[in-house]
Amino acid sequence: MHFTKDHEWVELDGDIATVGITAYAAEQLGDVVYVELPAVGKALKPGDGMAVVESVKAASDVYAPLAGEVMAVNEALGANPETVNQAPEGEGWFAKVKLADKAAVDGLMDRTAYEQFLSTL
Amino acid sequence: MTDQSLKTTPLTELHRSLGARMVPFGGYDMPVQYKDGVLGEHRWVREHAGLFDVSHMGPAMLSLAQPSGDASADHAAISALIEPLISGDIASLKPGQIRYTVLLNEEGGMLDDLMVGRYPSGAPGGSLYIVVNAGTKDDDYALIAKAVGDKAKLMRMDGAALIAVQGPEASAVVADLLPGSSDLGFMQFAGGEWEGHWVMFARSGYTGEDGYEILVPPKGATAFVERLLCDPRVKPIGLGARDSLRLEAGLPLYGHDADPTVSPIEAALNFAVPKKRRERGDLRGSVRINAEFGGELRRVRVGLRVLEGAPAREGAEIADANGKIVGNVTSGGFSPSLSQSIAMGFVPPALSAIGTRLNVLVRGKSQPAEVVAMPFVPHRYVRKP
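Protein sequences, first through last, are from chains A and B. Here the first sequence is numbered in our numbering, starting from 1 and rising by one per residue. Here the second sequence is numbered in our numbering, starting from 122 and rising by one per residue.
Source of the hints: derived by calculation from the structure; they are not laboratory data. In this text the structure is predicted, and so the values were computed from the model without any measurement. Check each hint, because a few of them may be wrong.
Listed next, the in silico DSSO-like pairs over lysine-lysine satisfying Cα-Cα at most 30 Å (straight line) [to be verified]:
#1 K45(A) <-> K98(A)
#2 K505(B) <-> K397(B)
#3 K5(A) <-> K156(B)
#4 K42(A) <-> K98(A)
#5 K397(B) <-> K267(B)
#6 K486(B) <-> K98(A)
#7 K45(A) <-> K156(B)
#8 K505(B) <-> K96(A)
#9 K156(B) <-> K272(B)
#10 K42(A) <-> K486(B)
Chain A on its own, in the form it takes in the complex (with noise of 0.2 Å):
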């Protein structure tokens, strides 16, 4: 798993990668009562607007961590937005998104990369 500053998280199969809000931003957040998802077949640059997470108090964008293609996205938490607060670095994933360049996730900070940079938050 591939981790941004932005509190996101990528894990990688193929050329698809899965993206998230990393335990550390869901915490921060607090208790998330909507989700909004991207369209399937949005072109993303890093740094756009890919999600909006809604906590009772405010609205948190959630930005591409990279170049790509969204392929699917995570339905379930229109339902369950709750998930995001349970698993989010796993069922309370956001997006498939299918890479333009699959080399540019090693730009990304590994786990201990990401923890070291929790520590200095």
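Knowing the structure of chain A, use the given hints to seat chain B on it.
Same frame as chain A, now just chain B:
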């Protein structure tokens, strides 16, 4: 990390030790949530009893400089000093009674909303208990002090701890510490002693639940709160749940659902502008307020249920069925009790009837919404004659 420019309350250290996440609010370092999170805290208050630190607010005592000693005459005199600034009828308050009212500017706009109480029998006559909002308190105090001149003294009490205990179990919890508290009805207050500290307790709140707001001297504050938290029915609740609770209760938040451009009639607070004051014509902005009351109203605060899509938050536009923008959401979010998004906002009176279909625009998407009655969740106040 602590921002040194932020003010603290007598309970700030306790919040940190309880694992609160602290945020700046109204110039104070305040707990937004504890370990349970906003949803859990919100539900706890609806089912049990929640404890809130609201010491950032502005309690004060306004007293006649030279009381005559005749309680009725002194109350009439202090009422005559405060009434020109506010919308309410203070003169008719019974001893120990509190009223929600509105501080007005010359245009009939809201400078704040506040509580004004007449001290119970036994206290010196000609004194009022006043509680204003955190963000506006310095301006409010200055306005009141200037208006009363040397005829009355305003004593700030915002160095004390103001603690709210709210929820269906609040009354039983508070009665264990303050035996006289359960004799009070909604919007009544009294004083009493707890472990050598003089405290004032009002049966009032900002959640729609039964409960109390208790003023405790700084020295006794931590011990008082720790004692309450020993009760398994009580959990500490942050400002996050305070906001979602008051939203469900349909209660406006000053600075969001009301501001100096908004009159109490536009804010749908007609109950706070009694007939006696309207007819007397001595309200600030009386011409406007009476015209609005008579139907010349440009906009009015309504409750909205968002039927589909994301929560509509402050600033979201409201459109009519044809897509024309007709107003804005002033506060909104997810209602934990209803598991649905709710909001308050201003719309033209023609679109304010219960059941009117409107749309809210969230991130460019139009989502259906419906005007519904407030409160969204029924109040459970305990009234006594």
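Each hint tested on the structure:
1. K45(A) <-> K98(A): Measuring from Cα to Cα gives roughly 12 Å; hence the hint holds.
2. K505(B) <-> K397(B): 24 Å, holds
3. K5(A) <-> K156(B): 25 Å, holds
4. K42(A) <-> K98(A): 10 Å, holds
5. K397(B) <-> K267(B): 25 Å, holds
6. K486(B) <-> K98(A): At roughly 26 Å apart (the allowed maximum being 30 Å), K98(A) and K486(B) satisfy the hint.
7. K45(A) <-> K156(B): The given pair, whose Cα atoms are some 36 Å apart, is violated under the 30 Å limit.
8. K505(B) <-> K96(A): 60 Å, violated
9. K156(B) <-> K272(B): Outside the cut-off at roughly 49 Å; violated.
10. K42(A) <-> K486(B): Holds, at roughly 17 Å.
Checked against the numbered hints listed earlier, the structure breaks hints 7, 8 and 9; every other hint is satisfied.
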